[in-house]
Amino acid sequence: MKKWLIYSVLCICLSCSNEPTDADTDAYVPTPSPLEIPELFENLIIAPVLPIDNPQTVEGIALGKKLFFDPILSADNTQACASCHAPQNAFTDSTRFSIGIDGIAGNRNSMPLFNMAWNYDELFFWDGRAFSLEHQAIEPVTNPIEMHNTWDVVVSRLQQNDEYPQLFEAAFGDQTITKELATKAIAQFERTLISANSKFDRYLLGDATLTQQEQNGLNVFMDENRGDCFHCHGNPNNPLWTDNIFHNNGLDATFSDLGLGEVSGDPADNGKFKSPSLRNLAFSAPYMHDGRFNTLDEVINHYSEGLVDSPTIDPLMKKVDEGGVHLTPQDKSDLKAFLLSLSDPSFINNPDFQN
Amino acid sequence: MKKIFALLFFCFVLISCKNDDDNIDCCSQPIVTDVTFTFSHNWEDTEVTENDFNTMQYINANGEVLTIARIRYLLSRFELVNTNGESFPLTGYKLIDLSNPESFTFNTTISDGTLYPGLYTLKFVYGFNEEDNIDGAYPDLNSASWNWPAMLGGGYHFLQFDGMYNVDTTSSPFNYHNGTARISDGNYEQNFVSFEFFPEVEINYNTTIEIKMDISEFFKNPITWDLNQYNTPLMPNYDAQKMMQQNVGSVFSIGQITQE
Numbered sequence: 001m002k003k004w005l006i007y008s009v010l011c012i013c014l015s016c017s018n019e020p021t022d023a024d025t026d027a028y029v030p031t032p033s034p035l036e037i038p039e040l041f042e043n044l045i046i047a048p049v050l051p052i053d054n055p056q057t058v059e060g061i062a063l064g065k066k067l068f069f070d071p072i073l074s075a076d077n078t079q080a081c082a083s084c085h086a087p088q089n090a091f092t093d094s095t096r097f098s099i100g101i102d103g104i105a106g107n108r109n110s111m112p113l114f115n116m117a118w119n120y121d122e123l124f125f126w127d128g129r130a131f132s133l134e135h136q137a138i139e140p141v142t143n144p145i146e147m148h149n150t151w152d153v154v155v156s157r158l159q160q161n162d163e164y165p166q167l168f169e170a171a172f173g174d175q176t177i178t179k180e181l182a183t184k185a186i187a188q189f190e191r192t193l194i195s196a197n198s199k200f201d202r203y204l205l206g207d208a209t210l211t212q213q214e215q216n217g218l219n220v221f222m223d224e225n226r227g228d229c230f231h232c233h234g235n236p237n238n239p240l241w242t243d244n245i246f247h248n249n250g251l252d253a254t255f256s257d258l259g260l261g262e263v264s265g266d267p268a269d270n271g272k273f274k275s276p277s278l279r280n281l282a283f284s285a286p287y288m289h290d291g292r293f294n295t296l297d298e299v300i301n302h303y304s305e306g307l308v309d310s311p312t313i314d315p316l317m318k319k320v321d322e323g324g325v326h327l328t329p330q331d332k333s334d335l336k337a338f339l340l341s342l343s344d345p346s347f348i349n350n351p352d353f354q355n
Numbered sequence: 356m357k358k359i360f361a362l363l364f365f366c367f368v369l370i371s372c373k374n375d376d377d378n379i380d381c382c383s384q385p386i387v388t389d390v391t392f393t394f395s396h397n398w399e400d401t402e403v404t405e406n407d408f409n410t411m412q413y414i415n416a417n418g419e420v421l422t423i424a425r426i427r428y429l430l431s432r433f434e435l436v437n438t439n440g441e442s443f444p445l446t447g448y449k450l451i452d453l454s455n456p457e458s459f460t461f462n463t464t465i466s467d468g469t470l471y472p473g474l475y476t477l478k479f480v481y482g483f484n485e486e487d488n489i490d491g492a493y494p495d496l497n498s499a500s501w502n503w504p505a506m507l508g509g510g511y512h513f514l515q516f517d518g519m520y521n522v523d524t525t526s527s528p529f530n531y532h533n534g535t536a537r538i539s540d541g542n543y544e545q546n547f548v549s550f551e552f553f554p555e556v557e558i559n560y561n562t563t564i565e566i567k568m569d570i571s572e573f574f575k576n577p578i579t580w581d582l583n584q585y586n587t588p589l590m591p592n593y594d595a596q597k598m599m600q601q602n603v604g605s606v607f608s609i610g611q612i613t614q615e
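Here the protein sequences come in this chain order: A and B.
Quick note on our numbering: the first sequence kicks off at 1 and runs consecutively.
Quick note on our numbering: the second sequence kicks off at 356 and runs consecutively.
Treat the hints as calculated values from the structure; they're not laboratory data.
Any given hint could be a false lead.
Here are some, though not all, of the chain A residues that point toward chain B, as calculated from beta-carbon distances under 7 Å [as the list claims (entries may be wrong)]:
#, residue
1, Leu-50
2, Asn-54
3, Ala-86
4, Met-222
5, Asn-225
6, Asn-237
7, His-289
8, Lys-318
9, Glu-322
Even glycine gets a Cβ: it sits at the ideal position worked out from N, Cα and C.
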């Protein structure tokens, strides 16, 4: 009953507040810069996730980009986000394990960064442990095997810098720098990293034709008898080429890295990692959460005959007892040709994304 | 969630009462504007939730011991038919994912006609009928990677049910996926199922209808499913697709109906 009272008061307040509660009319507003949603995404999939408390703005994106490429974030001023997330590698790096500022390697392969606003569940990292891009961006700065810094140090460095205070003011109307504002800016920049101009995208839009090989490769990908990749890695109607869900795709019998299981505490999640997008594979080797495969041939051989059984293996991994479905050499090379048609050179060469 | 609806409803009342150009007899014959469905899942008499996945073992009609890893299914064309045979379609379709309890509630509106409280027959379609099963047409389903391959007729999955069978011995995967059936290349056959439930249900201003799924029925009725023979791949297998369609018939039933 009491609740009803509160509700009704609330409702009355809501419905009666016609006059604007005039805040500072001359409060500073940065220039809105709404995400440009690619035609294909607009047509086929639901809208990206954009937090209402961090709208995209010209100034915010510019600041985020500067921070992303600036080694000022790391303890010894040597490493930027871009050190492990380089544009020419579709924003990942080409080493198996990224090396942090102390020369120590982690145990995970860096991840390519694109189309992250379409990660609807907003779970980031291989194991999904960070919710939202804003929160994710906090982590690398303090990670002892990455930038090994503290946010207090970063904030005071930025505050004392002769450019950053103005840039924060332009982006957020406030010279006072905080880690929340810094990560908001980085997240805005990251949301602009959109890749939707591969050959296959242009084929879907009617602007390119597939070769016979690519066409057959698509059929292998979509055929439950052969590749059956589409249950986890998207399809021509889901051009993200990932489900952003966690699976065990049969890499190991036992796990030195528990993946999702470490985060959820549920043994049924052990060995599960987020399906990566298959866009831009031409630039993002090596592959898998631990970078164990250097080439796409190795990846395809894994699915074809290298599957390893374990208690949490996904039932979509067929014929595990035989290591997989044993694709023919022709199907393998066609599948590879198709996968490469999902790579987007205009993404890695986009001048907006270069330092 | 309920509270939000209550709040919205209350606001609506307050706001609408402020208007002085209100139709005078606006409230003498109240109509039903929406209906809520909830979805529950069981194996015979035992409730099945995500917590049972991969660990709880079930024995199907043919005697195989199995575990469940994933179940998603699509229902569409919910419809209420009054005792005069007049039909009231409800808006939308629903993809239910057993690993996402938020998907167990479907609040939908009467999309056409004026519905008064009373007794109605409930109908819905398992999957999409041919008219609705348009390849790529639904962004929310595309985003959920719910598509059915073009080479098998395209459109969408109706069901994705994955697990392991013979877990007591050899343990192998099964992928019980259902959608359009391919007779031969370029030649497809619809595969949805229309449900109609008797007796009629009472529909009031705030009715919630529970739809129950008995998972064991996928393997039971009328066809005793042999997982040793039909496990994977089943999507391109015409016979398997048609057998699934038959067995789905006894999977759904109406559970509790609540009025608030």
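So, going through the hints one by one against the coordinates:
1. Leu-50: violated (15 Å)
2. Asn-54: violated (22 Å)
3. Ala-86: Because about 29 Å separates A/Ala-86 from the closest Cβ in chain B, which is outside the 7 Å limit, the hint is violated.
4. Met-222: holds (4 Å)
5. Asn-225: Holds. Min distance 5 Å.
6. Asn-237: holds (4 Å)
7. His-289: Constraint on A/His-289 not satisfied, violated at 20 Å.
8. Lys-318: holds (5 Å)
9. Glu-322: Since chain B brings no Cβ nearer than about 11 Å to A/Glu-322, farther than 7 Å, the hint is violated.
Checked against the numbered hints given earlier, this structure breaks hints 1, 2, 3, 7, 9; the rest are met.
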